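Chains as they are written, first to last, in the numbering used here: chain A, 1 to 258; chain B, 1 to 226.
Be aware that a few hints might be false.
[Unchecked claim] FRET-style restraints, in silico, Cβ to Cβ:
#: 1; chain 1: B; residue 1: Leu18; chain 2: A; residue 2: Val17; range: 53 to 61 Å
#: 2; chain 1: A; residue 1: Gln184; chain 2: B; residue 2: Val178; range: 43 to 51 Å
#: 3; chain 1: B; residue 1: Asp32; chain 2: A; residue 2: Asn5; range: 40 to 48 Å
#: 4; chain 1: A; residue 1: Thr10; chain 2: B; residue 2: Gly222; range: 49 to 57 Å
#: 5; chain 1: A; residue 1: Asn5; chain 2: B; residue 2: Glu225; range: 37 to 45 Å
Think of the hints as simulated: they come from the structure by calculation, not from any bench. None of these values were measured; they are calculated from a predicted model. Glycine residues also receive a C-beta, built at the ideal position from the N, C-alpha and C atoms.
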Amino acid sequence: MQQSNTYIITFSIILTVVLGLLLSGTSQVLGPLQRKAEELDAKKQILGAVLDGAQLKQMKPEEVLSFYESRIISKVVDIEGKEVTQNPDGSPIVAEKVNVGKNYKMAPESRMYPIYVFHAEGNPESVESYILPVYGAGLWDEIWGYVALQTDLNTIEGVTFSHKAETPGLGARITSPDVQQRYQGKQIFDESGNIQSVWMQKGEGKDYANDSDKVDGLSGATITANGVNNMLKNYLQYYSSFLSNQKSSQQSEVVAVN
Amino acid sequence: MSTETTVTEVKKPAEALLSKRRKKLISDPLIDSNPVTIQVLGICSALAVTTQMQPTLIMAISVIFVVVMSNFVISLMRNTIPSRVRIIVQLAVVATLVTLVSELLRAFAYDMYKELSVFVGLIITNCIVMGRLEAFALGNKPYDSVLDGFGSALGYSWIILAVAFFRELLGSGNVFGVPVYDSIAGLIGNDFSLARNGLMVTPVGAFIILGLIIWVQRTKTGYVEH
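For reference, chain A alone in the conformation it holds in the complex (with noise of 0.2 Å):
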């Protein structure tokens, strides 16, 4: 049968209407549900660079919440390490809120760089790991993750991926166990004490535990390789500053207890 093109017309806008209102009104009602799974996702991510996985997973939300209350303080800080404590509109700022993506297509100067601090339960002077978090480009779409740094703030306490449309199967398995447990133990610093950061080598199947900058690679996703090099290695430079302030605090901290 043949319409008129009014019919057709009329049809098309009612059809685009309730579909977009349809899909609105869905947007809106599950956004609060998905901002909490968002952010306690986050959260986990956060842990994950300093706890085992298999222990994250038995957890349940509120369980992880309280434990992420009880042993992470945040702070941000500027590429020259210092710490920032207000938006530049006078607001104070929460390093939870501080969107990375964002940040990251701005020049690294005017970026703010949260830093996650680990410590035992009940004393936030007794640190356990610093987690940093990182950003950067992948083969499909955006790849992240968070690097936690023991005490001496060289060896890498464990490491957490994640990515938005990196192949499943390939470029996906950044953030599966197995693969981030090839970071732990490895240095960020060279001898001379400059960053050297780790790479992740072609191929896959070698051993590299006596390379402290090298981890074995991912057959079949070397773009997604790639790409998490570059985001440790950027990330790994701009937050240097702020390591090397610690590392001189610790450090005349050693001189005044002796």
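Start from chain A and add chain B according to the hints.
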């Protein structure tokens, strides 16, 4: 995308809720006209998401929901849809449903949402969805269309679940994340271990498994392509 333009007309007054013909609507796509192995549709996602059982199951449920609902909606509207813009109308309905699934996953199963990422969105381009709309829902009553969609989606689902079963078992030694290989090795002794096949984790593994399934099935049913 292969397009079937023949519209199968089925009409009969006051039929049993699950009459023989309606049962056939569901059972046919399981084996005899399976969308994946016979019509060779929906291969892309059959390869992409099947490295593990769990995301595959979520994917299967999502596809069942989208195919059934879109068949239902399009069938309800079939007499009002202007034929000149019918493809766009179908696409809009399918895209809306897929977005709904994606939003729901994001709110209630965030881990799965992250894992499946683009592939939920790609249900839109799954040829099974549009294929069923064009071939069946446009010419049949809503209830029949729902059954037809359910059958086709089920046919798709069991194939991708079968592929995922073998890929996860042979590639990672697990089934639904349960370490089967390690348990077997633990039963036999410390020196015993089963090798995992890395090929199965890559899309190539899916091609091989899918090929074998098609081979076995066609040998049994004697289906020949014309």
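Which of the stated hints cannot be reconciled with the structure, identified by number in ascending sequence? Hints 1, 2 contradicted; others consistent.
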